[in-house]
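Colleague: If you read the protein sequences in the order shown, they are chains A and B.
Under this note's numbering, think of the first position of the first sequence as 1, with each following residue one higher.
Under this note's numbering, think of the first position of the second sequence as 1, with each following residue one higher.
Bear in mind the hints are in silico, worked out from the structure with no lab data behind them.
Be a bit skeptical, because a hint or two may be false.
Estimated spans, in silico, between C-beta atoms of each pair [said to hold, decoys possible]:
#1 B:Arg180 with A:Ile168: 44 to 50 Å
#2 B:Lys317 with A:Asn106: 41 to 47 Å
#3 A:Glu118 with B:Arg243: 35 to 41 Å
#4 B:Gly95 with A:Gly24: 56 to 62 Å
#5 A:Ala81 with B:Arg243: 40 to 46 Å
#6 B:Leu383 with A:Glu122: 36 to 42 Å
#7 A:Glu84 with B:Phe507: 35 to 41 Å
#8 B:His148 with A:His312: 47 to 53 Å
#9 B:Val467 with A:Arg272: 19 to 25 Å
#10 A:Glu122 with B:Gln324: 35 to 41 Å
#11 B:Lys151 with A:Ile31: 53 to 59 Å
Just so you know, even glycine gets a beta-carbon here, dropped at the ideal spot from N, CA and C.
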Amino acid sequence: MQFIKPDININFIGQRKIALFLSGALILLTILLLLFRGGPNYGVDFAGGILIQVRFNHQVTPGEIREALRPIGMEDSIIQAFGEKGKSEYLIRVSKTNIDLSGLSNEVKQSLNSMFGETNVEVRRVEMVGPKVGKDLREKALFAIFYAILFMVIYISGRFEYKWTMSIIMAASLAFGVYIISAIGMSIIWLIAAALLITIGLCWSLRLEYALGAIVALFHDVIITMGAFALTNREITLSIVAALLTIVGYSLNDTIVVFDRIRENYRRQRNRDFAEVINHSINETLSRTLLTSMTTLIVVVFLFILGGGVIHDFAFALLVGILVGTYSSIYVASPVLLIWAGQVSGGGDARTHRRRKGS
Amino acid sequence: MSKKLQWRGLFILIVVAVALIYLTPSLSKTLPAWWPNILPEEKIHLGLDLKGGIHLVLEVQTKRAVESHLERTIEDIKYSLRKARIRYQALKRSGSDRIGLTLIRAEDRKTVEEIVEKDFSNLSVEPGSFSNIDLNLELILSQKAAQHIKKMAVDQAVETITNRIDQFGVAEPDIRPQGRDRILVQLPGIKDPKRAIDIIGKTALLEFKLVDEDNSLEEALKGNIPPGDEILYQTKGEPGSKRKIPFLLKKRAVITGEYLTDARVQIDSRYNEPYVSLSFDSRGARLFGQITGANIKKRLAIVLDGVVNSAPVIQDKITGGRAQITGRFTMEEARDLAIVLRAGALPAPVKIIEERTVGPSLGKDSINKGLKSMIIGGIIVILFMGFYYKFAGLLADLALVLNILFIAAGLAFFGATLTLPGIAGIILIIGMAVDANVLIFERIREELRLGKTPRAAVDSGYSKALVTILDANITTLIAALVLFQFGTGPVKGFAVTLSIGIIASLFTAIFITRVIFDYFIIERGMKKVSI
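Isolated chain B, as found in the complex:
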């Protein structure tokens, strides 16, 4: 055998062997123990549309994170102003990037500016928009600081959600920030999507607020809410016949979920109902002791995400740093609540703006149907090529089979994801990959009709068809690459299989079939081309 042909044959064998090695982990259930040490063990990933699972896109309400940052800053400013003995008429947030401050004495203005410059470098002082310029000030949050807060909110939300999902127990979750204020969450193989969505989406902001018992709730409900107070509701009753019970609360939370060290499910021995017991850290426990000690016989409301859970009367000073959330929970609800409280609150509420759920049975159906149409379509194309081009057709068939092998190996190699449109892409490639061989074989037939020898006909058939094949494939490749750039999930999977398939088909249909042709014509002296 000629040297050149030997090398080419060897090259093909090596490529096929490498492809088989990359494919082995996906095909065999158990790998030998030594395999992972020296060889790849990456399996072909299945997309959510095949495996079943949830795909969520969350939008972090980052504006709210900035607003609550401003609220906290106001508390700090109050403290500083008190220390500097500056009196003011009003100090409150206006909009989502500034704090309005109305002084009583115009000469305090300079001191305020100094304080802000020294202690609140994120803020800048501007004259207010109202008539009395000397008394009205606006403290404006810098753009940079706002951006930073927003970014931190997204990062922290990703971390919190990751924690929650880890505790909930999902294999191979994928949680990552997307764009400026979005988070992509992918959870394969989830059985109960509603629970997972609840766990992810709950802000879980736990607050303890004192009930305002000095002012009348009736008056407040009429619209005269005392300054520093707010009305929140407790919902009671079964779904369908829910009642809302209003509470007049002090707006300022005395303790928040920040101080929690643990939250776990316990069973109430009297009613045999689950509840969530909370433990605070030492600082939280001290605070809790102070507050409860100072407000005996008053009511303390436990507020979760703006909804009153309960408002028990403080019987005695509570020193152990423990509290409990009761309610008519099912075991699962209590467990999920404990998870979100343990993982901590989201820095800002999130909103689900995209949800795609595929049940496991549909995913399995899709795989089966996709594979079935692939196998039947493939067999018919293979039979057809064999009948139509005889020996040459068999070469094209071999090229086709190797092409599918290379696509599968390529998916494993690149760690790409196989989706349902991806399977469709492979099916499409089965139809299109033979195109290169059809072009070549038709050319060879033409050349043979002109009376050329087999060797010359094969030679010019390949060389004349080559340019056309390249042209034709490049256009499809352009479409595939653009799709890869702009597509999401399943469509990306399609673009990947299509791209790998096109490139592989150039190798199998042009290179491999040529080597075999040459072997039979040059080495075995084939006199007549069966085509």
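Chain A extracted, bound-state conformation:
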């Protein structure tokens, strides 16, 4: 059985302008959305606050819950339906952090009990994160993202280009740049943005074009996934960060398979146009790219549908990330590689694409 014919030859590279436009538009949309919303929608983990998941054994409206919370001054909490339709289950979310949070879940519980009757209310989950812990977790997550970027950059620049010295230079300059910035006392968000720019700049100046393509694709995927979260009003929590890093790994995985094939074909067919080699390689690996994405998507879709409310957003992140990751390994990573190769040779003629020692 085959979905993709072996002799398939779609002109992916020819469609790169459309893809560029689409990706650019999605990224721009994400940035606008985030600016408009004033940053990502942080969950309790990062913003601090309290989240209570409560189930009633009869139909209750958000208005009634609000009424029950009025005596303790929490009627302005966010109340949203949760879990399966038809079950009367809600999330109550307070993001105030200037109040004493430690006794709050109990007060909420008592208010609900006195309004609806103790036997009708089940508090299923409480998550309380104090402002200090929220800040710690935020920092921890950002450091995780930062180190993940650092290690992967080192790995792919070394591995793709067989230039381990280069990758060490790269890591050292990255670490140095970040050290300088943190010494100035900039916040971790800027640190990551700077690390990103330094990485791309270094890839550019050290002529690590494969690494550059992979990294651009990787950020593309993560940014668009963040955009999907902003668009659907989902919160960024600790487990979502985990999902994002997994997407980073997955996105690279796909890109590496295509790039490996490009290098292999390029070695054998030096005389062919580089654009053609790239296109041919994408087509050759297309069957694998789609198959793997499909099997992964199948399981993630089931996780999304059947996994229950707690894991829902996590599955959503993976779902979007895998879709975008598959698209980017075809339409983003390779065109970036091609654009760079064209730039180096001073316009269009990619046949002069540099020879690489050892590859």
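Keeping the supplied structure of chain A fixed, place chain B upon it in accordance with the hints.
Modeller: The following block gives chain B in isolation, referenced to the frame of chain A:
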């Protein structure tokens, strides 16, 4: 069969057998009696998000421990100064690291310095900041001593909380210090989180303080609190209509909970209400006798965590070393109070800065839903691979099943914890693990199309795909390892299953399928590869 192939087959069988052995304790309810003696009996741990329970992070207010240490030191200094006949105008704590001392005679300064050097090595004498340098002194607590006090406070708090939880009765609690001043408390399977939190969070500082009956409470309430006194309140009435009754008390506690040997719940026969009876050790009993004997007809307030519990009039000298705390307790409240008093006071108050509670029904739901999506997703992937790659697909399916077996065994082997994101990690691995086989099979198909023999096609298919597979998996492994380093609880569980899954998939998808392929091609002389 060739020797090489035999060895490889044997190796696979051994690995599978070991995995099954590690998994048995988690799967079967009862193990044979001889099992624990020679074989592992560790089960797969379930995280709090699956089992239900409480996760708390407490912050010990270590600054308060240092402050109360300074307060106690002041009492000792007073005693020393009195002995050396040194008179002073003021002696009190200022800030959380120093004591201010104002002398009356400048010539005492040298003696004070000698006393401090000899008896209070933690303190150093510095000139005070006020105008009259000769009379003003500052006794500064050394950084090292402060750090030590803080560390001791955290250690002691961990011990006290552990004691309380042990008496409360929780299976497999996990209580440990975290960072410099935090304590992590994990209590799986708790039914009533509020009670547990109350028991953990209560400082339980029990003090007996004399009521100051020489000065007027009204004056004190206006702001003229006599030196050495303080105002504390007693709360009365039902929730909602609480009244606060003020008391003017001597600041110095005459007896504290330190001298307690026991605290237990008794029932008052008249009102049929529970109360907590306290027994003091011999030193405490002596002290109690002295104090009560000297203050008959005066009132002695029982203060718990800065709140007046009651202030009975001392009728007679109390010699037996017994006292009782009454109040309108429920049976549970009285029991919990007895527990915290028995286990002793926390050296400093703690503050709950993170709380995550998962009810048992939600945990069960999560397991069921996670397993359901895993099984359905897995079956569809298995069917798909079988249809798409025929015989080779079945090999990939076998690899997949073994992969899940190895992940589960790996969790048991490392004593790792399975969390809900961890289950998601396994589900993700089901989708991703077949990737290695897809890469190999696509390569073999390509090689076959070039007209190679089955054996040559399989050979080059595996060898050409190998580098790519390694590359692709290493990037995901990097992500997983970083997550393991920085993640907390559930996320760590995800990182663990993902890492084990990736490593296991290299073994199952590359090594195991290859051995079977070789067996059929080399040994059975398969002419056509069904792929």
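Colleague: With reference to the structure, classify each hint as holding or not holding.
Modeller: Here's how the hints hold up against the structure:
The hint said 44 to 50 Å for the Cβ distance between arginine 180 of chain B and isoleucine 168 of chain A, and at roughly 35 Å that hint is violated. About 43 Å separates the C-beta atoms of lysine 317 of chain B and asparagine 106 of chain A, a value consistent with the hinted range of 41 to 47 Å. Distance hint check for glutamate 118 of chain A and arginine 243 of chain B: the Cβ-Cβ separation is about 27 Å, which falls outside the suggested range of 35 to 41 Å. Between glycine 95 of chain B and glycine 24 of chain A the beta carbon distance is about 58 Å. The supplied range of 56 to 62 Å therefore holds.
Our hint of 40 to 46 Å for alanine 81 of chain A and arginine 243 of chain B holds, since their Cβ atoms are close to 41 Å apart. The hint said 36 to 42 Å for the Cβ distance between leucine 383 of chain B and glutamate 122 of chain A, and at roughly 38 Å that hint holds. Distance hint for glutamate 84 of chain A and phenylalanine 507 of chain B: a CB-CB separation of about 39 Å, consistent with the stated range 35 to 41 Å. For the hinted restraint 47 to 53 Å between histidine 148 of chain B and histidine 312 of chain A, the CB-CB distance of approximately 48 Å keeps it satisfied.
Evaluation of the 19 to 25 Å hint for valine 467 of chain B and arginine 272 of chain A yields a pass: the beta carbon distance comes to about 22 Å. The hinted range of 35 to 41 Å is satisfied by glutamate 122 of chain A and glutamine 324 of chain B, whose Cβ atoms lie roughly 38 Å apart. Range check, lysine 151 of chain B to isoleucine 31 of chain A: about 47 Å between beta-carbon atoms, so the 53 to 59 Å window is missed.
Going through the hint list in order, the structure does not satisfy hints 1, 3, 11.
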